[in-house]
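Engineer: Combine the two chains into a complex, taking the hints into account.
Next come the chains, spelled out residue by residue.
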Amino acid sequence: MTERAHPTPRVYWMIALILAVLTAIEVTIPQVSAFDGVKVPALLGLGAIKFGAVIGFFMHLRFDRKLYRNVFFVGLLGALLLFVVVLLTFEAL
Amino acid sequence: MTLSEMTAGTAGHEAEHHDVIPIRKVAVWVFLASECMFFGAMISTFLLYRSTTGDGPGAEIFNLAFTSASSFVLLMSSLTMVLAHHAYERRDLRQARVWLTGTGLLGITFLSGQIFEFTEFVHGGLKLSTSPFGSAFYMLTGFHGAHVAIGVLMLLGMVILSLDGRIYARRGLNIELVGLYWHFVDIVWIVIFTVVYLLQV
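Going down the list, the sequences are from chains A and B. Heads up: the first sequence begins at 1 in the numbering used here, then just goes up one per residue. Heads up: the second sequence begins at 94 in the numbering used here, then just goes up one per residue.
Isolated chain B (complex conformation) (with noise of 0.2 Å):
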């Protein structure tokens, strides 16, 4: 079966039920519902901590402008994610494929940048036991980039899949849900990046 046989009888499948829920994509809300609440206790955690540094460095050892370029990274990520999805609603899946690639080469991009950071920091003396406040740092980035790797693979996974046209809706893990994670990832970043960072300095 043909990519174009297969996104045809979901696209007529999909309008037989205009109406009825796809309930994976109400699963995903679910789940992105749940990850808020992790990510909030998180924060919580970090904000309570924030100036407990004892005798290690504090948030004056971040360097803005590195994080920055970083967030930019994530947030065009964000966009490039956008457009593989969009690609992929008009059947082309050789540009949703070239999106979903820049997408997941973004994404490591910003891995790149964190480990980087994290060696900075571990350099200057920051370590994961320094302090209530290291502790709290490295947890919160540290899931935060943990989800972001996840998201690579799923996204690299999906590269892989449609070299021969096995992603189309109605599969367990299509591009929208994955994309409805990844964007979730960088709203995620959005936030910690206010409250740590620029808050912080």
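With the rest of the complex left out, here is chain A (with noise of 0.2 Å):
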């Protein structure tokens, strides 16, 4: 597959405006004992969005080639299986 047009700069503006968004309201919920109950899954959901936001368009894996992709994500989920295996097998999880 080949590669599609990068974003404008317009859109890239617009993705750091949205990270620093997404940054104050992570920094929120810990001070915020309402949330203590969905502090966990909501800090690790705002943490894959704006991992998302930068790989899919800072690093534009969104528009280029597959390949990349490929390769980047068995990084990843060799990053995840590892984490998973440690904190098994220390009975940590």
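There could be a bad hint or two in this list.
As the list claims (entries may be wrong) - Among the chain B residues that face chain A by a calculated CB cut under 8 Å, a handful are: (1) ILE136; (2) ASP279; (3) THR287; (4) LEU291.
Calculated directly from the structure, the hints in this document are not laboratory data. Ideal placement from N, C-alpha and C gives every residue a C-beta, glycine not left out.
Structural biologist: Written as structure tokens, this is what we have:
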């Protein structure tokens, strides 16, 4: 698959604004006791959205060849597997 | 040879070989995939030892407001980096240099914050050898800081090379590849900030 055109600076600024707002929400969550019940999933979810926005738009994985995406996701999957195996081995999960 | 001649040649070359996979870019993605596993191992280790603080301080020593500001700085450096790459793609070398310099300065700001934070923690009783928590924390955030420092050196190198037009797409280390590395350093921090700081306070 060939590459698609990369976004415009306007899109990059929008993504940066979204990242800044998400970071502000992330920082607020641990400070507000009302969010205690949803703290872990909310923070992991927000982190995942930020992660996806950076790799998708700033690293152009949404627009570049699928090969890059596949190579990177193999590493990411390996890291997650390693994470689960280590924590299960030491009974920390 | 001027930059425009070099880049025009490069553009022509790329147009001729539109479907040819740039092997250096693939190599960078393979490198970043291996780095995922490296940091995955570090983060797993931190999570294993997060409660083993011994007599030393634990996560209560973190200054969330300060680290949040540092995180914001690093996030915004990804914006300036992608704008540098965009300017370079439009052959606007002067603009690319401005954004590259801005990215480097934001990286230096982040590193300064990390040095300040480490100094505060050491004064607060959290040293590398204080506890497994301390060792795991400094190893993880220290290795990330080392990656940022390498990124800053590469950025400053690109700025110096750009002064006489010696950056162009077919060169070993170009703006796009440095940018991929820089964004990767940013996404690793997104994970560290969430797992090490936000989830522990």
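Engineer: Against each hint, give a clear statement of whether it holds in the structure.
Structural biologist: Quick rundown of the hints versus the structure:
1. ILE136: Where the cut-off is 8 Å and the nearest Cβ of chain A is about 7 Å from B/ILE136, the hint holds.
2. ASP279: At 6 Å from the nearest chain A Cβ, B/ASP279 passes the 8 Å test, so the hint holds.
3. THR287: 4 Å, holds
4. LEU291: Holds - the Cβ of B/LEU291 comes within 8 Å of chain A, reaching about 5 Å at its closest.
When held up to the earlier numbered hints, the structure conflicts with none and fits them all.
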